[in-house]
Structure formats: C-alpha cells, structure tokens
Amino acid sequence: KQEVTQIPAALSVPEGENLVLNCSFTDSAIYNLQWFRQDPGKGLTSLLLIQSSQREQTSGRLNASLDKSSGRSTLYIAASQPGDSATYLCGVSGSRLTFGEGTQLTVNP
Amino acid sequence: GAGVSQTPSNKVTEKGKYVELRCDPISGHTALYWYRQSLGQGPEFLIYFQGTGAADDSGLPNDRFFAVRPEGSVSTLKIQRTERGDSAVYLCASSLSDGAFEAFFGQGTRLTVV
Chain G
1208 KQEVTQIPAA LSVPEGENLV LNCSFTDSAI YNLQWFRQDP GKGLTSLLLI
1258 QSSQREQTSG RLNASLDKSS GRSTLYIAAS QPGDSATYLC GVSGSRLTFG
1308 EGTQLTVNP
Chain C
14 GAGVSQTPSN KVTEKGKYVE LRCDPISGHT ALYWYRQSLG QGPEFLIYFQ
64 GTGAADDSGL PNDRFFAVRP EGSVSTLKIQ RTERGDSAVY LCASSLSDGA
114 FEAFFGQGTR LTVV
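Protein chains in written order, with the numbering used here: chain G, 1208 to 1316; chain C, 14 to 127.
Just so you know, these hints were derived from the structure itself, not from any lab.
Don't take every hint at face value.
[Claimed, not checked] In the BS3-like style, the derived pairs of lysine-lysine whose C-alpha atoms are separated by at most 30 Å in a straight line are: (1) C:Lys91 <-> G:Lys1208; (2) C:Lys30 <-> G:Lys1249; (3) G:Lys1249 <-> C:Lys24; (4) G:Lys1208 <-> G:Lys1249; (5) C:Lys91 <-> C:Lys28; (6) G:Lys1249 <-> C:Lys91; (7) C:Lys91 <-> C:Lys30; (8) G:Lys1208 <-> G:Lys1275; (9) G:Lys1249 <-> C:Lys28; (10) C:Lys24 <-> C:Lys91.
[What the hints assert, rightly or not] Here are a few chain G residues that sit away from chain C, every Cβ distance over 10 Å (derived from the structure): (11) Gly1250; (12) Leu1269; (13) Ala1285.
Each residue gets a CB set at the ideal place from its N, CA and C atoms; glycine is no exception.
Kindly generate the complete structure, drawing on both the sequences and the hints.
See the structure below:
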C-alpha cells in the first residue's frame, strides 16, 4: 500500500525567500507524481506533473524534482510571494493518486 | 466542459438522511475519481471509475456509500443514513485515461451532517 509523507507540515517564511517542500513515498512503482496547491475552502489546482521517467519539471518560479528509486520528490519555490500562501499537496499516482497530508505555507509580507 | 464541475458546492443535511453529490468531469475523460477530505488532512481515496465501471472501490468506508457513472460521464456519489462523521469535503477528479495522465479536480462539495 502506497504511503506518502510530506515534510514540513507547516512553514512560515518572509517574502522573497526560496523554499523547499519535501514529499516521500514508499512504493516506487508509480506512473507519475503531481504537486497541487489548495487554497482554503477550494479544490486542488495542479501545479506540476512529473512522469516516472522524468527527473524534474519547471513552471515559472516552481521546480519539482523526482527521485523514484529513493521515493522522494521536492518542490522548490523561488522568490516566494504572499500569494503563494496555500497548502501544497503531493499526489503519487499508481492506479490512483495517493496523497500526503500537505504542507501549509505562509509567506509573510 | 472547461473543468470538473461539482454540485452542490455546499450541502447541509440532518443525521440519517440520504444525500447525492454530483460530479461532471472534463469532456472526454474516461477516468473519474472520488476523494474525501477532512479538515487539515490530505484527500482520501474513495472510488475510481474507468468508463461506466468501478475499477477500484476499495476506499468506500462502508455500505452506506455508493457511486454510479451510468453513461461514463457524470457520476453521483450517494450516501445513505448519513452520520455526523460523514461531514467532510468530497472531491471529484478526472483524467484522460488512467493514473498515467494528469488529474484535474473540481472545487468540491462541502457536506455537513447536523
């Protein structure tokens, strides 16, 4: 059974800081890994999708890496902004997405 | 449609009542997923449809929960004899084919059982 862990559970940083969110998973037999953003009371917005054959994906200030053999992914956010404040969820896809409990990010002006 | 649509956005019901939650996936997506999310937790898998059939219903918590997708498009999650512990946000997602493809989520239905 796939288990996904996200560290840290919460993070508070000043605006402009670069930061890293971590995701680990127990079963390396995956199709892909997705990073999502969730604002309070809202659904999940897909940020980046990394296929199992890829090592990283980039979108704007976001960069996600995947090391399938060690069961780890990181989401790097450059030059953080207050608008980045949200919960970030890692979803690991086998037959379905299995999620961690998320990292709640607060970027302070 | 442009995205995954879920209705209603909010539902308040009395303990013991029956509720239906609707999900309208992205047009052409054959895979549809239901998840449940409690406050401060990650989404918890309930059921996965491939076309009209439930390919994996191992996440349904008990027999009060049932879901259908009769024409391979819209899906309805049905909860009988609701309990206060059923209160959560119910999320629906769809993808083009299966887990190899990007999943897109709706805005969720917030169910409150009083």
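Here is how each hint holds up against the structure:
For the hint pairing Lys91 (chain C) with Lys1208 (chain G), the CA-to-CA distance comes to about 26 Å; that is within 30 Å, so the pair holds. For the proposed pair Lys30 (chain C) and Lys1249 (chain G), the alpha carbon gap of about 25 Å is at most 30 Å, so the pair holds. With a C-alpha separation of about 15 Å, the suggested pairing of Lys1249 (chain G) with Lys24 (chain C) holds against the 30 Å cut-off. For the suggested pair Lys1208 (chain G) and Lys1249 (chain G), the alpha carbons sit about 28 Å apart, so the restraint of at most 30 Å is met.
A C-alpha spacing of about 14 Å is found between Lys91 (chain C) and Lys28 (chain C), which places the hinted pair at or below 30 Å, so the restraint holds. Under the criterion of a C-alpha separation no larger than 30 Å, the hint pairing Lys1249 (chain G) with Lys91 (chain C) is consistent with the structure, at around 22 Å. Of the supplied pair hints, the one linking Lys91 (chain C) and Lys30 (chain C) holds, its CA atoms being roughly 11 Å apart against a limit of 30 Å. Between the alpha carbons of Lys1208 (chain G) and Lys1275 (chain G) the distance comes to roughly 16 Å, so the proposed pair stays at or under 30 Å and holds.
About 25 Å separates the Cα atoms of Lys1249 (chain G) and Lys28 (chain C), which keeps this hinted pair within 30 Å; it holds. The suggested pairing of Lys24 (chain C) with Lys91 (chain C) holds, with an alpha-carbon distance near 13 Å, which does not exceed 30 Å. Not every beta carbon of chain C lies more than 10 Å from that of Gly1250 (chain G), the smallest distance being close to 4 Å; the non-interface claim is violated. Distance to chain C confirms Leu1269 (chain G) as a non-interface residue, since its nearest Cβ pair spans about 15 Å, more than 10 Å.
At roughly 23 Å, the least C-beta separation between Ala1285 (chain G) and chain C is larger than 10 Å, which holds for a residue marked as non-interface.
Checked against the numbered hints given earlier, the structure breaks only hint 11 and satisfies all the rest.
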